[in-house]
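Can you make the complete structure from the sequences, with help from the hints?
What follows is the residue order along each chain.
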Amino acid sequence: MIKVKDVTKRFGNITAVDKACFSLNAGESLALLGVNGAGKSTLIKCVLGILDYSGEITLNGLNIKENEKEAKSLAGYVPQEPLFYDMRTRDVLGFFGSIRRVRSSRVDEVLDLVGLKEHERKSTSELSGGMRQRLSFAIALLSDPEVLILDEPTSNLDAGARGDFLNLIKEYKNKGKTVLFSSHRLDEVDLLADRALFMESGKVVFEGRPENLQELLGLKITINLVVPQGSVERAIGILAREGFHNAESNGRGLNIETDSKQRVDVLKKLLQEEIPISDFKIQEPSMENIIDRIKENGY
Amino acid sequence: MDIKNVLLIVRKEAGESIKNRWFLLYTICFSLLALLVLFLASSRSEIAGYSGFGKTAASLINLVLLFVPLIALVTGAISISSERENGTLSYLLSHPITKSEIFVGKFIGTLIPIWFSISLGFGLAGVGVAIGGGEGDVSKYITTAFLSALLAASLLSIGLLVSVYSKRASKSIGIAVFLWLLFIILGDLGIMGTTVAMGLGIEQVFALALLNPAEVFKIASVLALSPRFEILGPVGIYAVRTFGKEGVFYLLFGIMLLWTLIPLGYAYLAFTRFRKEEI
Numbered sequence: 001m002i003k004v005k006d007v008t009k010r011f012g013n014i015t016a017v018d019k020a021c022f023s024l025n026a027g028e029s030l031a032l033l034g035v036n037g038a039g040k041s042t043l044i045k046c047v048l049g050i051l052d053y054s055g056e057i058t059l060n061g062l063n064i065k066e067n068e069k070e071a072k073s074l075a076g077y078v079p080q081e082p083l084f085y086d087m088r089t090r091d092v093l094g095f096f097g098s099i100r101r102v103r104s105s106r107v108d109e110v111l112d113l114v115g116l117k118e119h120e121r122k123s124t125s126e127l128s129g130g131m132r133q134r135l136s137f138a139i140a141l142l143s144d145p146e147v148l149i150l151d152e153p154t155s156n157l158d159a160g161a162r163g164d165f166l167n168l169i170k171e172y173k174n175k176g177k178t179v180l181f182s183s184h185r186l187d188e189v190d191l192l193a194d195r196a197l198f199m200e201s202g203k204v205v206f207e208g209r210p211e212n213l214q215e216l217l218g219l220k221i222t223i224n225l226v227v228p229q230g231s232v233e234r235a236i237g238i239l240a241r242e243g244f245h246n247a248e249s250n251g252r253g254l255n256i257e258t259d260s261k262q263r264v265d266v267l268k269k270l271l272q273e274e275i276p277i278s279d280f281k282i283q284e285p286s287m288e289n290i291i292d293r294i295k296e297n298g299y
Numbered sequence: 300m301d302i303k304n305v306l307l308i309v310r311k312e313a314g315e316s317i318k319n320r321w322f323l324l325y326t327i328c329f330s331l332l333a334l335l336v337l338f339l340a341s342s343r344s345e346i347a348g349y350s351g352f353g354k355t356a357a358s359l360i361n362l363v364l365l366f367v368p369l370i371a372l373v374t375g376a377i378s379i380s381s382e383r384e385n386g387t388l389s390y391l392l393s394h395p396i397t398k399s400e401i402f403v404g405k406f407i408g409t410l411i412p413i414w415f416s417i418s419l420g421f422g423l424a425g426v427g428v429a430i431g432g433g434e435g436d437v438s439k440y441i442t443t444a445f446l447s448a449l450l451a452a453s454l455l456s457i458g459l460l461v462s463v464y465s466k467r468a469s470k471s472i473g474i475a476v477f478l479w480l481l482f483i484i485l486g487d488l489g490i491m492g493t494t495v496a497m498g499l500g501i502e503q504v505f506a507l508a509l510l511n512p513a514e515v516f517k518i519a520s521v522l523a524l525s526p527r528f529e530i531l532g533p534v535g536i537y538a539v540r541t542f543g544k545e546g547v548f549y550l551l552f553g554i555m556l557l558w559t560l561i562p563l564g565y566a567y568l569a570f571t572r573f574r575k576e577e578i
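Chains as they are written, first to last, in this note's numbering: chain A, 1 to 299; chain B, 300 to 578.
Treat the hints with care, since some could be wrong.
As the list claims (entries may be wrong) - Per the computed footprint, the stretches of chain A lying under chain B, defined by three or more beta-carbons under 8 Å from a beta-carbon of chain B, are:
no.: 1; segment: 40–54
no.: 2; segment: 60–74
no.: 3; segment: 81–93
Just so you know, the hints here were simulated from the structure itself, not pulled from any lab data. Note that the Cβ used here is the ideal one computed from N, Cα and C, for glycine as well.
Set out below in structure tokens:
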């Protein structure tokens, strides 16, 4: 569906994307991962034909440079920050619907799909961040494209809006559509991606499947537990007995470093031993940790 | 180029201009001042050989010179730079629409509202003249309005060229205002100063005037209206004697067209070909 071959993009002396290569089959979902400035957004803009580049990009066999319109018609795009003209919600959809030559009733369909029907008369400037992102998603779905391309679509959303939005993408993916998205959150990759591709300084440095990514890279999560001070030592002892040796006091309770798959086991063991847990938080490995680990392992 | 996409952009741009309060203020001011000019012109029986439509058109020339270049330059200057700055241009280009279609749509879509406000000002004043008896040659009045529209097109093209090369709207507005000052306020002074300082001949002064589209509009409008081209001074006399009255008019008309087509063509090429990385 998407083929990217030796794509390089330079801004003056800065190389934002450096000979990037990947391919994405129809119905597959690929995550572009990396820290800010890794080149993810630039690569996405090249794939969409927004930026000029050297190398070759094809969408469904169509070269984006030679068949600009036809190739762009195949993809729907959700930018990191939704950007609209100051029009009413319905008019924005009508405008982009006209560019994509969709029937006018499609506007109602996508408004219903993303739950914005009751806000159709509002100006885009009156919409909340979550609603604006849903509008952006609605625009991307107008022509029911084969490919959906999203650039860190949840980075400006709060937890609730983020969950809702990820569900919308998941539903779209489950219809067998192709999804290319960038993110710096591993949980989004777990939820949506069939494959993940890591970028650093414009280069693709690693490619893998999300389900074995943490295992392959030896990545750990950290569980922060809030327990009474008197129970901390006992909890550490219980965990050590069960094989969780990376547990230590943190002043308000304890931190446990473990594999992602064992997060539930840790909580179960402590609750079985009646350790009073009043709160907990799970810290996923940061993108910097992941990139460091990729470099250490020489992938 | 897909005409449907061009028309979509034209409609969007024209709609945005009509909703823009600065543009509305400009249109209202221009129309009210045109009526004021009509009132003042009709209070005196004859100005420098003009009467009726001619007199009103002659009075409107200065109003056009003040207002039209400013709105055309600024509108053109922000049309692309503001969209580039806020990211909507990049988003628009992710859809199946080409830069050529966007550029042409933007030019036409911003020109139509400016032409509308010029037509409104000239129209209101023209109706006033007609109600008051309608003396003079109406075709000369229409020619002045037509030249004003051409002046708007040429300065809009220059504004678009500024816009294509500006990353920020504030910068493009600054350049547009500077150009307005240069063309309108400093134009005459510049010609006079250069002439005195360099001891230019009459033909060189005429050539120098052609480098300023506002000056070209002024000379062409006066020539179109006046039976006495002597009011243009020695330069006017030289031009008329060299090219003939009609010849000078068509020369000036041609130069105004060039002032439209050259910046517009260059801006088009820069936007669609030379500056692909500058989204």
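Verification of the hints:
1. 40–54: holds (count 6)
2. 60–74: This one holds; 5 residues, not fewer than the three required, reach chain B with a Cβ under 8 Å.
3. 81–93: Contact hint for the segment 81–93 of chain A vs chain B: holds, 5 residues under 8 Å.
Violated hints for the displayed structure: none, as all numbered hints are satisfied.
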